[in-house]
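Using the sequences and the hints given, assemble the complete structure.
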Amino acid sequence: MASTEEDGSVEEKENNNKKRTKSAFAVAWLTFYNIAMTAGWLVLAMAMMRFYIQKGTHKGLYKSIARTLKFFQTIALVEVVHCAIGIVRTSVIVTGVQVCSRIFMVWFITNSIKQIQNEESVILFLVVWTFTEITRYSFYTFNLLNHLPYFIKWARYNMFIIMYPLGVAGELLTIYTALPYVRKTGMLSMRLPNKYNVSFDYYYFLIIVMLSYIPLFPQLYFHMLRQRRKMLLGEIIVEKDE
Amino acid sequence: MDTLALEAKANGQEKKSSAPRPRPKPPKKAKRIVYFEVEIVDAKTKEKLLLLDKVEPTSTILDIKALFHKSNPQWYPARQSLRLDPKGKGLKDEDILQTLPVGTTASFYFSDLGAQIAWGTVFLSECYGPLLIYLMFYFRLPFIYAPKYDFSSSKHWVVHLACMCHSFHYVKRILETLFIHRISHGTMPLRNIFKNCSYYWCFAAWMAYYINHPLYTPPYYGQQQVKTALIIFLFCQVGNFSINITLRNLKCPGSKVKKIPHPTKNPFTWIFALVSCPNYTYELGSWMGFTVMTQCLPVAFFTIVGFVLMTVWARGKHRNYRKEFRDYPTLRSPILPFIL
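In the order they appear, the protein sequences are chains A and B.
Plus 4 on top of the position in the first sequence (first one is 1) and you've got our numbering.
Plus 568 on top of the position in the second sequence (first one is 1) and you've got our numbering.
Heads up, a few of these hints could be off.
Unchecked claim - Below are the PhoX-like pairs computed for lysine-lysine, each with C-alpha atoms no more than 25 Å apart in a straight line:
id: 1; chain 1: A; residue 1: Lys234; chain 2: B; residue 2: Lys614
id: 2; chain 1: B; residue 1: Lys614; chain 2: B; residue 2: Lys638
id: 3; chain 1: A; residue 1: Lys234; chain 2: B; residue 2: Lys612
Unchecked claim - Partial chain A-side listing against chain B, Cβ under 7 Å, derived:
id: 4; residue: Ala40
id: 5; residue: Leu196
id: 6; residue: Lys199
id: 7; residue: Tyr200
id: 8; residue: Asn201
id: 9; residue: Val202
Just so you know, these hints were derived from the structure itself, not from any lab.
Every residue, glycine too, gets a C-beta built ideally from N, C-alpha and C.
The structure is reproduced here in structure tokens:
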């Protein structure tokens, strides 16, 4: 593949101008979106706490919050659009990967494989997600309103240090527990011969997904650590030439 | 030495050999060459890396890179990027020092492009891989399919045809790389070879596995489908070849002058009237033909991904053409006539 020179410099400048003079409409929409998402995840958190306090067990907790979770997690796809059109200054790919991994967990693991819905690992990652998302969306909201309380900034750039690994552990354990059920039912799989001349084995696909956490997770983690050093400690980081 | 002095000198020499005639004496220019001072500064850390004095004003950027390489042997010229502005574009190797907008003390910002590899090496590895990998699956070498199928041959003639087409495509590419292509920059970053080879090799293996599988299902519409697809494939292969030849004939060896490609007598090049990068258009056509011929979803995936990549490159090239030539034909689209 002939890698051509990147000629995005002109477009980048235009984009920067666009971002700097962010339209009032974009700010209004983003503020509304972030407030709505904060509220949504707060509702989830309270529903989970209420269930546990009332029933004393985590069995059946997932089922009770499943619809709300699916709704708010799926809406997060809109954040990829935000990056693509430039009203949020983050890489489309990073956001895309994060949102897709969440959507994958919710729709293709916990929603599809009913037998693992009462596992502890599910509760683990649900708690982590809820905490992380509430912090993240309230951070964005306050940022947009230019009144960021220090404790939210502190939480966003410090809590991930334990939340990320815990969340990854919950997700990986859940996928691992789901494997035998996937193999038994042969769900989402396609075998030869067929007229498209393709085959897909969901079981091996899940194993590859689990393995992909090994290169991907450290990258996201170190990215957040770098962000933390920059935002919280005011360090100037000189990016190494690749 | 500027050209005026050179011409005067040549004139003087010519006239000496003919009959002596009163002629105006060539202006006696004091032979004082203004030497340049060149400073090389790290673009990121702004640390001064090298100071060169007594640099010939007619030296090129490549000469300066060679001098820099002498004092810093780990940075061979292909890996150096010298710029006038730390955030600007890299200067070309052929640029001459005295034509640059610098005073007699020039400051260049240096950045390391990383280990480089010749483009030819990358292109050849990209092409030999799929060629050999496909053949491994075609001949059903052991450990790919169930042992009872080892070294067996498919009973569908479309599978044999597909192997011929696929191999032909990559052999053609290899020959073009060796004899036809002229690329302006000699090297690319080393990591490209891993990136590019993974892409081509993995996709080739994925496609070849299904096409040569013992349980392969031939195309739904049979002979008709295969024959039509073959015609499309061959047409586009010839087209792609014609475009590559035309592009090669545009550039004289060693010259870095860019020219606008135009339709020639060859009907396959008439598409230049509507498209800036018809080599990509024909490539897309070839793979679409191959997809229809094999009716294999992985091939369709490969075609789609290739199409996305080629569109990105075509749009970049199209933008460069428009920037470089004021009179660039406005009817042309980057890759698909009127659409994209």
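Worksheet entry | Interface hint outcome for leucine 196 of chain A [beta carbon to chain B under 7 Å] | holds (4 Å)
Discussion item. Please verify whether lysine 234 of chain A and lysine 612 of chain B have alpha carbons no more than 25 Å apart.
Written reply: Roughly 18 Å between the alpha carbons, so the hint for lysine 234 of chain A and lysine 612 of chain B holds.
Practice prompt. Measure nothing beyond the straight line between the CA atoms of lysine 614 of chain B and lysine 638 of chain B; if it is 25 Å or shorter, mark the hint as holding.
Written response: Distance of about 21 Å is within 25 Å: holds.
Item to complete: Against chain B, run the beta carbon of valine 202 of chain A and see if the smallest gap drops under 7 Å.
Response: holds (4 Å)
Worksheet item: When you check the alpha-carbon spacing of lysine 234 of chain A and lysine 614 of chain B, does it fall within 25 Å?
Response: Given pair lysine 234 of chain A, lysine 614 of chain B holds - Cα atoms ~21 Å apart, limit 25 Å.
Item to complete: Using 7 Å as the Cβ threshold, decide whether tyrosine 200 of chain A counts as touching chain B.
Response: holds (4 Å)
Worksheet item: Does asparagine 201 of chain A meet its interface restraint, that is, does its C-beta lie within less than 7 Å of any C-beta in chain B?
Response: holds (4 Å)
Fill in: Satisfaction of the alanine 40 of chain A interface hint, Cβ to chain B closer than 7 Å
This interface hint is violated because 33 Å lies over the 7 Å limit.
Fill in: Interface hint compliance - lysine 199 of chain A to chain B, C-beta minimum distance less than 7 Å
The hint holds - lysine 199 of chain A has a Cβ within 7 Å of chain B, the shortest such distance being about 5 Å.
Of the numbered hints given earlier, the model fails hint 4 alone.
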